[in-house]
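S.K.: If you want the building blocks of each chain, they are given just below.
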Amino acid sequence: MSAPDSIRDVSQLLSRFELSSEELVRSQLDRAEKLADLNAFISLLREEAISEARRLDAMRRRGEILGSLHGIPITAKDLVWSKGQKTTSGSKIDADFVPDRDAPALASLRARGAVLLGKTNLHEFAYGVSNVNPHYGAARNPWDRTRISGGSSGGSAVALASGVGYGSIGTDTGGSIRIPSSLCGIVGLKPTYGRISRDGVTPLSWSLDHVGPMARAVEDVAVLYEAMSGEAVEISEPAGSTPLRDLKVGLHTRYFFDNLAPDVEASVRSTLTGLEGLGASIVEIDVPEIEIQGACRNTIAFAEASCYHENNVRTRPEDYGEDTRELLRLGLLIPATDYLAALRSRRLVFRAFRKAFDAVDVLAAPSTPATAPPIGASVLENGEELRSGLLRLAGPFNTTGFPALSVPCGFSGNGLPIGVQLAAAPRRERLLLRVARALEMRSGQSGLGRSPAV
Amino acid sequence: MLEELPPPEAERLKKRFDAWREAMDRLKSKAPPDREGEPLFASELEKET
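Protein chains in written order, with the working numbering: chain A, 1 to 454; chain B, 1 to 49.
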């Protein structure tokens, strides 16, 4: 059975009793099992999901509807705690960790009727961008299985791009929602710092970690974000309107357009033209402090991650994958004075971006400088080292804590998805979603109804 | 710590540390003057945003 793509469409079928949640959940689980070679999941929760779907179907028959996600299957990155279910964080260290409660982010979706299908693959402890996981396998990009999904929320992006689940909970410390969203052709929102609770989510770096929704289309991300944040989100525009009239779009050519793969640059520049066609005006901006934010963010992330893992990395280093272990050891070498210097510099970066957003409403940039590289590659198509290259364009909005999302904007010549990133001042998620929705409508690049041949 | 690791691992870590050190020194040259700018801790960032 093939089910509709969007939460709204499938909800209508469920509400008309043309489809039951149990049928939907079973078909989604079957699909996930059929596509097991993509390594999207660390665990599938077949029995629990079917049982929950039956309970929700029975409630619906009694006229009791929990909310906007009643009976809708979703997934969660396997560092989001789920009560009574293994939450491995993609690691051997936490392979048997079973939380005694749900993370509030997950609880908020369940409270509105979502059914958790499974826990998705991630880069070990979310500490990397390739999602080549030494313990659970590499999450494979559905558009080309020989390529990475991006990470660290790679399994969530792979599941969605291959038609499993209507949304997923991801986390983002330097781009871990936006990078895999861009490389797999879906939509991912990193909200403002603290907007969605980090409680019950295994940390990587407390002051850079963000929890956020991922889905195939902007309208679905909006539904999930509304449930997770409690903020009402209305993103539809009246028919025939000029949706982005008076919108000022910042273009930070230096840095964000440096050294891009040609297909990425062409696609994002065409998107900017599209924004103008929707009534927006393009305004050049430049934030000199962009030059120091990378070192600032790296230092904070290295120190905080190693603080959390110190005991384990000292006593059982062999239980970590090689790349994670090396980064954790690096963090142990960082003096407290440098950590504090990074936090002082963070204030400069924060203030500079806040000022920049006085002049523009959103900033538009590529989400990643290149499309998905082959699994095992150490450099991107544009010649940048893989880790630093994929973090470069997404990371600034973790340093500042400002909201940012990635939305598909096209394909490369070899058929790989390209994402455009939109960022805004704190708490302007609704604006980001509205602009992304307008772009999606104009470009026809929505992940709905368009999927890789898997 | 470096002395405790096998030579190839120690060498890789040293190289990575040196790259970080260089980037951090560049950052410090542009950091706030000594009398200005307190660290922006997570709790304050959450309030600011």
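It is worth saying that the hints were derived from the structure and are not from the lab. Every residue, glycine too, gets a C-beta built ideally from N, C-alpha and C. Some hints could be false.
Under 10 Å between C-beta atoms, here's a sample of chain A residues computed to sit facing chain B [to be verified]:
{"id": "1", "residue": "VAL233"}
{"id": "2", "residue": "TYR255"}
{"id": "3", "residue": "LEU272"}
{"id": "4", "residue": "THR273"}
{"id": "5", "residue": "LEU278"}
{"id": "6", "residue": "CYS307"}
{"id": "7", "residue": "THR400"}
Ranges of calculated distance between the beta carbons of each label pair, as one might list FRET restraints [stated by the list, open to error]:
{"id": "8", "chain 1": "B", "residue 1": "GLU36", "chain 2": "A", "residue 2": "ARG245", "range": "38 to 46 Å"}
{"id": "9", "chain 1": "A", "residue 1": "ALA453", "chain 2": "B", "residue 2": "GLU22", "range": "31 to 39 Å"}
{"id": "10", "chain 1": "A", "residue 1": "ARG8", "chain 2": "B", "residue 2": "GLU44", "range": "34 to 42 Å"}
Covered stretches of chain B, as calculated for chain A (at least 3 residues, CB under 8 Å) [stated by the list, open to error]:
{"id": "11", "segment": "15-27"}
{"id": "12", "segment": "33-42"}
S.K.: Decide, hint by hint, whether the structure agrees.
M.R.: Now for the hints, and whether the structure bears them out:
For the restraint placing A/VAL233 at the interface with chain B, the shortest Cβ-Cβ distance is roughly 18 Å, beyond the 10 Å limit, so the hint is violated. Annotation: interface hint on A/TYR255 violated; nearest CB of chain B at approximately 15 Å, more than 10 Å. A cut of 10 Å between beta carbons decides the hint on A/LEU272: the least distance to chain B is about 26 Å, and the hint is violated. For A/THR273, the interface hint is violated, since its Cβ never comes within 10 Å of a Cβ in chain B; the closest pair sits about 31 Å apart.
For the restraint placing A/LEU278 at the interface with chain B, the shortest Cβ-Cβ distance is roughly 28 Å, beyond the 10 Å limit, so the hint is violated. Contact between A/CYS307 and chain B, as hinted, is not supported at the beta carbon level, the nearest pair being about 13 Å apart and thus beyond 10 Å. The restraint placing A/THR400 at the interface with chain B holds, with a minimum CB-CB distance near 8 Å, inside the 10 Å limit. At about 41 Å, the CB distance of B/GLU36 to A/ARG245 agrees with the hint of 38 to 46 Å.
The given range of 31 to 39 Å is broken by A/ALA453 and B/GLU22, whose C-beta atoms sit roughly 46 Å from each other. Checking the proposed 34 to 42 Å range against A/ARG8 and B/GLU44 shows it holds: the Cβ atoms sit about 39 Å from each other. Residue count for the segment 15-27 of chain B with a Cβ under 8 Å from a Cβ of chain A: 7. That meets the three needed, and the coverage hint holds. For the segment 33-42 of chain B, the stated coverage by chain A is satisfied: 6 residues place a CB nearer than 8 Å to a CB of that chain, which reaches the threshold of 3.
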